[in-house]
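Chemist: For the sequence shown, our numbering assigns the number 996 to the initial residue and increments by one for each residue that follows.
Treat the hints as calculated values from the structure; they're not laboratory data. Please note: incorrect hints may appear among the correct ones.
[What the hints assert, rightly or not] With a straight-line Cα cutoff of 27 Å, these simulated DSSO-like cross-link-like pairs (lysine-lysine) come out: (1) LYS1092 <-> LYS1123; (2) LYS1123 <-> LYS1026; (3) LYS1092 <-> LYS1039; (4) LYS1123 <-> LYS1089; (5) LYS1168 <-> LYS1123; (6) LYS1026 <-> LYS1039; (7) LYS1026 <-> LYS1168; (8) LYS1142 <-> LYS1123; (9) LYS1039 <-> LYS1123; (10) LYS1168 <-> LYS1089; (11) LYS1089 <-> LYS1142; (12) LYS1092 <-> LYS1142; (13) LYS1168 <-> LYS1142; (14) LYS1039 <-> LYS1089.
[Said to hold, decoys possible] Cβ pair distances, simulated, as ranges: (15) GLY1028 <-> ARG1079: 33 to 39 Å; (16) GLU1053 <-> GLU1103: 19 to 25 Å; (17) ARG1057 <-> GLU1096: 28 to 34 Å; (18) ALA1041 <-> ASP1116: 30 to 36 Å.
All C-beta atoms in this analysis are idealised placements derived from N, C-alpha and C, irrespective of residue type, glycine included.
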Amino acid sequence: MPHAALSREASLEATCAWLSTLVRAVPDFPKPGILFRDVTTLFKHAEGFATAIDLLAEAAPRGVSKLAAMESRGFILGGALAVRLGIGFVPIRKPGKLPGEHFGHDYELEYGSDRLELHCDAIDSGEKVLIVDDLIATGGTAAAAAKLVERAGGQVAGFQFLIDLPDLGGRAKLEQQGWETYSLLAFDGH
996 MPHAALSREA
1006 SLEATCAWLS
1016 TLVRAVPDFP
1026 KPGILFRDVT
1036 TLFKHAEGFA
1046 TAIDLLAEAA
1056 PRGVSKLAAM
1066 ESRGFILGGA
1076 LAVRLGIGFV
1086 PIRKPGKLPG
1096 EHFGHDYELE
1106 YGSDRLELHC
1116 DAIDSGEKVL
1126 IVDDLIATGG
1136 TAAAAAKLVE
1146 RAGGQVAGFQ
1156 FLIDLPDLGG
1166 RAKLEQQGWE
1176 TYSLLAFDGH
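Put together the whole structure using the sequences plus the hints.
Modeler: Now the structure itself:
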């Protein structure tokens, strides 16, 4: 590997290590036994937030025309990234939040079920869509978002996450379905 590539890789590793320090770990939230990764502490740090957006933009698949993100922290990340990429932003919402014509997809969670919804006219047929969220855990929400994009006629160009919790297997689940995924940071545990 050329020296420049090694320097770039070492620089990226150091940058990601620094970004990791900006993510607060909150024990026993939202319930006992969970170590919650709070990205709002990174978002409030202007240089850290801008750096994360720049790195995600560099890794984004080429040829995408829309970025879809799930509420609520996904909106913060996805909106900034869509502007940086110069593409449209599509909100994927929880039930009852979208005015006008929309459709939804029900999906299973570890303890129960949930639903995501999308405007009927949000994505044109054949558009390549990047799906973004702040964190991937089990992959259920991301897979549900992909189903919505596909049902709208779009093509899932890939997924990007600020944080991956690899012990929970979500990234592997998406990749087994043939979807490319990228995450900037990874934390052990759940």
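Chemist: Next step is simple, just say for each hint if it's right about the structure.
Modeler: To see whether the hints hold, each was checked on the structure:
1. LYS1092 <-> LYS1123: 24 Å, holds
2. LYS1123 <-> LYS1026: 37 Å, violated
3. LYS1092 <-> LYS1039: Holds - the C-alpha atoms of LYS1039 and LYS1092 are around 26 Å apart, at most 27 Å.
4. LYS1123 <-> LYS1089: Satisfied, since the Cα-Cα distance of roughly 23 Å is no more than 27 Å.
5. LYS1168 <-> LYS1123: Roughly 21 Å between the alpha carbons, so the hint for LYS1168 and LYS1123 holds.
6. LYS1026 <-> LYS1039: Cα-Cα ~25 Å, so holds.
7. LYS1026 <-> LYS1168: 24 Å, holds
8. LYS1142 <-> LYS1123: 14 Å, holds
9. LYS1039 <-> LYS1123: Not satisfied, since the Cα-Cα distance of roughly 31 Å exceeds 27 Å.
10. LYS1168 <-> LYS1089: 22 Å, holds
11. LYS1089 <-> LYS1142: 15 Å, holds
12. LYS1092 <-> LYS1142: It holds: about 19 Å lies between the C-alpha atoms, which stays within 27 Å.
13. LYS1168 <-> LYS1142: Holds, at roughly 14 Å.
14. LYS1039 <-> LYS1089: 25 Å, holds
15. GLY1028 <-> ARG1079: 33 to 39 Å: 36 Å, holds
16. GLU1053 <-> GLU1103: 19 to 25 Å: 34 Å Cβ-Cβ, so the 19 to 25 Å window is violated.
17. ARG1057 <-> GLU1096: 28 to 34 Å: Check passed, 31 Å falls within 28 to 34 Å.
18. ALA1041 <-> ASP1116: 30 to 36 Å: 35 Å, holds
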